[in-house]
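Participant: Can you build the whole structure from these sequences, using the hints too?
Protein sequence lines correspond, in order, to chains A and B. For the first sequence, the positions run 0 to 245 when numbering that gives the first Met the number 0 is used. For the second sequence, the positions run 0 to 245 when numbering that gives the first Met the number 0 is used.
A couple of the hints might just be wrong.
Repeated chains share a single entry, so a pair holds when one copy, or any two copies, can fit it.
Said to hold, decoys possible - Mimicking DSBU-like on lysine-lysine, the simulated pairs with C-alpha atoms at most 35 Å apart in a straight line are:
| hint | residue 1 | residue 2 |
| --- | --- | --- |
| 1 | Lys163 | Lys244 |
| 2 | Lys163 | Lys143 |
| 3 | Lys135 | Lys4 |
| 4 | Lys134 | Lys4 |
| 5 | Lys43 | Lys146 |
| 6 | Lys135 | Lys98 |
| 7 | Lys134 | Lys43 |
| 8 | Lys4 | Lys146 |
| 9 | Lys135 | Lys25 |
| 10 | Lys146 | Lys25 |
| 11 | Lys4 | Lys25 |
| 12 | Lys143 | Lys4 |
To be clear, the hints were calculated from the coordinates, so they are not data collected in a lab.
So you can see what is in the structure, the chains are spelled out below.
2 protein chains.
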Amino acid sequence: MQRRKIRLTVQYDGYDYHGWQIQPGKRTIQGELSEAISNLVGHKITVRAASRTDASVSALGQVAVFEVNSPIPIENFAGAINDRLPPEIVVTFAEPADKEFNVMGGVTSKLYRYTICTAPDRPVLNIRHCWHIPKKLDVPAMDKAAKLLIGTHDFKSFAAAKDKRESSVRTIFSCGVTAESQSVYIDVEGDGFLYNMVRNIVGTLVEVGIGRMAPERITDILDAKDRTAAGPIAPPQGLCLMWVKY
Amino acid sequence: MQRRKIRLTVQYDGYDYHGWQIQPGKRTIQGELSEAISNLVGHKITVRAASRTDASVSALGQVAVFEVNSPIPIENFAGAINDRLPPEIVVTFAEPADKEFNVMGGVTSKLYRYTICTAPDRPVLNIRHCWHIPKKLDVPAMDKAAKLLIGTHDFKSFAAAKDKRESSVRTIFSCGVTAESQSVYIDVEGDGFLYNMVRNIVGTLVEVGIGRMAPERITDILDAKDRTAAGPIAPPQGLCLMWVKY
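Facilitator: Shown next, in the form of structure tokens:
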């Protein structure tokens, strides 16, 4: 039987999961997905993803691949995998991928959305997918600060200390803050992100939103190349991977 | 110190809870709320509610009361209780109640909303609060059937067998089915509901929506006064108590 590479689009509510990456004894998205597919195809496979999302982070457009020997027709894959997945994870599309398709290295751009809820009371039905800040945020100031992040910069000030990748230079293609009713959305599109980078950007933009930091400070923070220059990290559950482009 | 009666408006995501009512060794809304308030006021209290919602049922407008000896000013109660509650439960309002206020017996009307999601893929970020039926539902037919439930009827056909209340006559003031994007909402307002009545109504309306039952059958089902005449029960997580009137 010919070995095939299959590409999946995956959505998940990551709140109760220890992130994407398999960890012994913990519930992870990669673990659940790999197990479901292995059970379906009858041999052990491991899925790999575009983004190793953190614990409690969700996705509406994660991309994942695996290789398989099974003769199952491509159009039956998504449904058959979904029958074997817990309700918080779903494969929305399965398609054949080229042998050369590099799910992580081939990414040209990804969009993360971070959701803040500014309602006075805890939004109990949405508390797993937002950061609740019961205050009026200065959205135009946050958006002004966000725009200063666009471009190719050294984002060391926004990376977790434990990120050990050689270069901390990344390109942000777009970064904007919008408000709708009692929600504030922070959308960041880039070619790649350092560990905790989006959540550190969000925490810093919130400092601007509550008036504790001027929007112009972003430039100084970038120049500092020092994590302590930026604001505190935002909690994970507001973060969602919206899509990945190749 | 004078004993006071305090009325609360409460919201909760009931998905991970064993319903409102305290049960030994199980996580319940009444249990969490009673414990939080007892810790706050320094003596043991038990809250009582307008509706004993079932396991996995949520609420945006539950009403609850308790009596207390504490001198805490009324305007500080909601915030202080919320500080002691898990994130899935919130008190949105606290107000003084008359001694005669009867939280269950005094109810004149309650509205339950049931949410169905008809999107082709599982809505992972909302799966805890809807019934996923990936089909086109005939909403006008469902609404026609819903309208036949309005009025004072014997709802025995829609009551769980284990409901042992003497009379199964209730009054439904309004019942309607509406669609918005990929959601279908079933709103039922009545003076009271038998055990599982709303979920049995929803299950029956879905039979109409998928074309397995004509809307006119509702009248026969009411006349039958027999649970087996109606459709199957809908799952609990789509149900939400929206408000209670006195």
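Participant: Against this structure, judge whether each hint is valid.
Facilitator: Hint by hint, here is what the structure shows:
no., hint, result
1, Lys163 to Lys244, "within (25 Å within a copy, 59 Å between copies)"
2, Lys163 to Lys143, "within (30 Å within a copy, 63 Å between copies)"
3, Lys135 to Lys4, "between (48 Å within a copy, 33 Å between copies)"
4, Lys134 to Lys4, "between (48 Å within a copy, 31 Å between copies)"
5, Lys43 to Lys146, "neither (45 Å within a copy, 54 Å between copies)"
6, Lys135 to Lys98, "neither (50 Å within a copy, 38 Å between copies)"
7, Lys134 to Lys43, "between (49 Å within a copy, 34 Å between copies)"
8, Lys4 to Lys146, "neither (39 Å within a copy, 53 Å between copies)"
9, Lys135 to Lys25, "neither (38 Å within a copy, 38 Å between copies)"
10, Lys146 to Lys25, "neither (38 Å within a copy, 49 Å between copies)"
11, Lys4 to Lys25, "within (27 Å within a copy, 46 Å between copies)"
12, Lys143 to Lys4, "neither (43 Å within a copy, 50 Å between copies)"
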